[in-house]
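Student: Sequence order for the protein chains is U and V.
Be aware that the first sequence starts at 1, since it is given in the numbering used here, and climbs by one per residue.
Be aware that the second sequence starts at 557, since it is given in the numbering used here, and climbs by one per residue.
Honestly, the hints are just simulated from the structure, not real lab data.
Incorrect hints may appear among the rest.
[Claimed, not checked] In silico BS3-like cross-links for lysine-lysine, where the CA-CA straight-line distance does not exceed 25 Å:
no., chain 1, residue 1, chain 2, residue 2
1, U, Lys141, V, Lys632
2, V, Lys622, U, Lys308
3, V, Lys626, V, Lys638
4, U, Lys141, U, Lys65
5, V, Lys558, U, Lys308
6, V, Lys626, U, Lys308
7, V, Lys559, U, Lys308
8, V, Lys638, U, Lys308
[To be verified] Reference listing, derived: stretches of chain V covered by chain U, where coverage requires no fewer than 3 residues with Cβ under 8 Å from a Cβ of chain U:
no., segment
9, 573-583
10, 609-621
11, 625-631
[What the hints assert, rightly or not] What follows is a set of in silico ranges between Cβ atoms, one per label pair, in the way DEER data are often shown:
no., chain 1, residue 1, chain 2, residue 2, range
12, V, Ser717, U, Asn309, 36 to 42 Å
13, V, Arg584, U, Pro544, 18 to 24 Å
14, U, Ala189, V, Leu646, 43 to 49 Å
15, V, Gln663, U, Thr134, 55 to 61 Å
Glycine included, each C-beta is placed from N, C-alpha and C at the ideal position.
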Amino acid sequence: MKITGAQAVVESLRREGVEVIFGYPGGAVIPIYDAMYQAGFRHILTRHEQAAAHAAHGYARSTGKVGVCIATSGPGATNLVTGLATAYMDSVPIVAFTGQVATGLLGRDSFQEADITGITMPITKHNYLVKRVTDLPAIIKEAFYIAGTGRPGPVLIDIPKDVSTNLVDFYYPEQVNLPGYRPVYEGNARQIKAAAALIQEAKKPVIYAGGGVIISGAEEELLRLAETIQAPVATTLMALDAFPGDHPLSLGMLGMHGTAYANFAVTEADLIIAVGARFDDRVTGKVDTFAPNAKILQIDIDPAEIGKNVRADLPIVGDVKRVLAELVPLLPRQEHEAWLEQIAEWKRKYPLTYDQQEDLIAPQMVVETLSELTRGEAIICTEVGQNQMWAAQFYCFKKPRSFITSGGLGTMGFGFPAAVGVQIANPDRLVVDIAGDGSLQMNIQELATVATYKLPVKIILLNNCYLGMVRQWQEIFCEKRYAATELQNPDFCKLAEAYGIKALSVEKPEEIRPKLEEALNYDGPVLVDCRINPEENVMPMVPPNAAIYDMLGVEK
Amino acid sequence: MKKHSHTLAILVMNNPGVMARIAGLYSRRGYNISSLAVGETEDPRISRITLVVEAEDENELEQITKQLYKLIDVIKLSDITKDDAVERELALIKVHCNSTNRSEILQIVDIFRAKIVDVSQEGVIIEATGDSDKIQAILDLLRPFGIREIARTGKVALVRSAAGR
Numbered sequence: 001m002k003i004t005g006a007q008a009v010v011e012s013l014r015r016e017g018v019e020v021i022f023g024y025p026g027g028a029v030i031p032i033y034d035a036m037y038q039a040g041f042r043h044i045l046t047r048h049e050q051a052a053a054h055a056a057h058g059y060a061r062s063t064g065k066v067g068v069c070i071a072t073s074g075p076g077a078t079n080l081v082t083g084l085a086t087a088y089m090d091s092v093p094i095v096a097f098t099g100q101v102a103t104g105l106l107g108r109d110s111f112q113e114a115d116i117t118g119i120t121m122p123i124t125k126h127n128y129l130v131k132r133v134t135d136l137p138a139i140i141k142e143a144f145y146i147a148g149t150g151r152p153g154p155v156l157i158d159i160p161k162d163v164s165t166n167l168v169d170f171y172y173p174e175q176v177n178l179p180g181y182r183p184v185y186e187g188n189a190r191q192i193k194a195a196a197a198l199i200q201e202a203k204k205p206v207i208y209a210g211g212g213v214i215i216s217g218a219e220e221e222l223l224r225l226a227e228t229i230q231a232p233v234a235t236t237l238m239a240l241d242a243f244p245g246d247h248p249l250s251l252g253m254l255g256m257h258g259t260a261y262a263n264f265a266v267t268e269a270d271l272i273i274a275v276g277a278r279f280d281d282r283v284t285g286k287v288d289t290f291a292p293n294a295k296i297l298q299i300d301i302d303p304a305e306i307g308k309n310v311r312a313d314l315p316i317v318g319d320v321k322r323v324l325a326e327l328v329p330l331l332p333r334q335e336h337e338a339w340l341e342q343i344a345e346w347k348r349k350y351p352l353t354y355d356q357q358e359d360l361i362a363p364q365m366v367v368e369t370l371s372e373l374t375r376g377e378a379i380i381c382t383e384v385g386q387n388q389m390w391a392a393q394f395y396c397f398k399k400p401r402s403f404i405t406s407g408g409l410g411t412m413g414f415g416f417p418a419a420v421g422v423q424i425a426n427p428d429r430l431v432v433d434i435a436g437d438g439s440l441q442m443n444i445q446e447l448a449t450v451a452t453y454k455l456p457v458k459i460i461l462l463n464n465c466y467l468g469m470v471r472q473w474q475e476i477f478c479e480k481r482y483a484a485t486e487l488q489n490p491d492f493c494k495l496a497e498a499y500g501i502k503a504l505s506v507e508k509p510e511e512i513r514p515k516l517e518e519a520l521n522y523d524g525p526v527l528v529d530c531r532i533n534p535e536e537n538v539m540p541m542v543p544p545n546a547a548i549y550d551m552l553g554v555e556k
Numbered sequence: 557m558k559k560h561s562h563t564l565a566i567l568v569m570n571n572p573g574v575m576a577r578i579a580g581l582y583s584r585r586g587y588n589i590s591s592l593a594v595g596e597t598e599d600p601r602i603s604r605i606t607l608v609v610e611a612e613d614e615n616e617l618e619q620i621t622k623q624l625y626k627l628i629d630v631i632k633l634s635d636i637t638k639d640d641a642v643e644r645e646l647a648l649i650k651v652h653c654n655s656t657n658r659s660e661i662l663q664i665v666d667i668f669r670a671k672i673v674d675v676s677q678e679g680v681i682i683e684a685t686g687d688s689d690k691i692q693a694i695l696d697l698l699r700p701f702g703i704r705e706i707a708r709t710g711k712v713a714l715v716r717s718a719a720g721r
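My request is simple: use the sequences and hints to build the entire structure.
Tutor: So this is what it looks like as C-alpha cells:
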C-alpha cells in the first residue's frame, strides 16, 4: 500500500520504538504534523525550537534512548542549531527532523529556506537531505542507527515538503548498509592484558572517568575496577553521576572548578586510567603540566580521542563497559595504603567549603540542602555558569543518568528545556533544574510548556542578578569592571505565577530548608527564587592556562 | 615547524555533499589541502579521492586521518606517501609560439612525452601527464616561451599491485 512521505516518517518512528517527539510546527512540516495528528503520535510542543532540541537531549541523556525533535524549514531549522551543537559536544543521541522547501524550490532563496544540512555539517554526527521519498525509510533507519551506536551523536534529516506529500510503497529495512561506519566495541585482548600489567605496577593510580562511562552504562564495572585496585576516582562534569559521590574512593570532579584533592591526586599520580574521557581543556588546565609523572592508559570508543590532547601511553579502543568487563577479572586485589592516606590527608586539609554569612544566602548551602532533602536521588539539570558548578560541587550524586548538564558546549538556557524532556521520560522521578537568573531567561518561555503538560519540574533559581561566572572572571581578572554582567531582572515569582506556576521566594538563609521542602513536596511545577549572595564565587578555581594544582581559593 | 606532504588515498560513498564534508573538516580543524582529485571508481557508488595534505608531524597526520575516518561516508583511507605508487598529474599548458620557436617547443614536448592537443597561429596547447616533478620541469622549460594559461589537475595515485594492499 502506498502512503505519503509524512506517514512514512510516523511509521518509521513507530518501528524505532519512539514514544514521543519534541517540536514546533511550521509551513514545511504541516504534512508531517498532520500525519502525526492522524496517527495519534505523542508530540510535545515546546515554545521555541531550541527548547525542543534540548528537551530531546534531556530525554536521551536520562534514558539512554534516542531523543527525537522536529522543526520547520528556515528559522525553525536554524533555531535547532544550538541544541544540536550541544548534543554533539556531549555525544548525545538525537534524531532531528527539519522541513525544507519543496525540491523544485531548493537553492533559490525561497521563503523560509536555509541550507540546514550545510549549516549543521560540523555539529552533527551525520545529516541527510532527502531528495526522493523512496529513500526516506532507509535514511530514517540509518539515522537512528548512527545516532545511537558507537560514540552517539545527533543526526539531522532534512525533508522537502514534496517529499512529505509524495507517495511511497513503505518498506522499512531490517538492516543498514554503511560500509564506512563500523564502530569498534571489543577492546584488543593484548592491549587489555598490557593494561592489567601496567595497573599492577602502579603505586599511585588515579581513575579519571568521563561521560563515556554513563553512555556505555559502565558504572558497575567502574566501581569494581576502583574497589579491586583501590584507586581513587576523579570524574569529569559529565561523569559526576557515574561514581557514587559518597564513596570513600570518590575524589569528586577534577579540573578548573574541581576539588583540590582531585587535582593534587592527578598531579601526583603515576598512572592515570582515563575511562571514556577526552582530556578537555577545562580538565587538563595547562596541558603540559597535566599529570606530569603519570603513564596514561586511555580507554575510549572513539579512536580519534586517543592522544588528541594528551599522549596516551597505552590506548584501548572499545566500548568502555566491555573493555572494563574484560580488564577487571585480570586484576588482583591491590592495596595502596600510603597513597590513599595521602589523599585522605588532602581531603582533610582542603575540603570543598564555603562561608555561610548570617544574612546572605550561600548558593552552595541551597544545593547542599537540596542534595540532603532528595538524598542525592533527584535528576538534576543545570543551566550553565556558577549555578552549574555549585551543583557539580555540592550535590552528592548517587545514581547514573541523574546529572543532565551541558558539559562541552556550555550552553546557557539548556537546563530548563532539558528538564522538560527529562520529566517526560521519567514521569515518576523528581526532576530539578538548578538555574541561574541569566541562563533561565534564555529559555524562560518553556514555563508555558511546563504549565501546559503539568510537568512537576522544580526550578531552583540561584538568583544573584548577575551573569555570575563572567562577573567572577571580571572580579578576578578585570579589576571588578563588570562589563554587561549586571542584570535587571523581572520578578521571577510573578512571572511564574503569570504562567499558572507556583512560586516561592527565599530571602533569608533560614528559609532555605522549609521552602525547599515545600517545593519538593508540591505536586506540580514550582519556581523557587533564591536571592543569593550576589558576589559569591565558585572556588576553587584554576585560572586559564595555569596548571590544575595552582588553584585560587586553596591555601597550600 | 617544517610541514611535510602526505598523499592520502580515500574511498568514499558517492553521496551528495561528501566533498563538502571532507573539505569542511579540513578547514575547520585548521589543516591544509594542497591538492585534491576525485572521480568515480569501478563501482559507481564509490569515489576515490586523492588528497595531498600538509602535516607538521605524525601526531597531526594521525588526527587528520582519524577525523576523516569518523565521517560516515569515508570507507577506507590509506596514507600512500611511502608506498610504491604510480602518481600522475595532468596539465594543459597554453604556450606562445611562432614559426621560429615551434620546433624547439616540439622538441621539449617530445622529451616529456607530452602531446600537442591544439595548434593555432599564436600558440599551442600542450597536454602533459606525469608526477609533480615532471610537470614542474616541463613548466620551467616552457616558461621562457611565454605561458599564457595553465590548467592543472590534482594528483591521482594508485599503489602498484606488487606492493599489494
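Student: Can you give the numbers of the hints that this structure goes against, from lowest to highest?
Tutor: none
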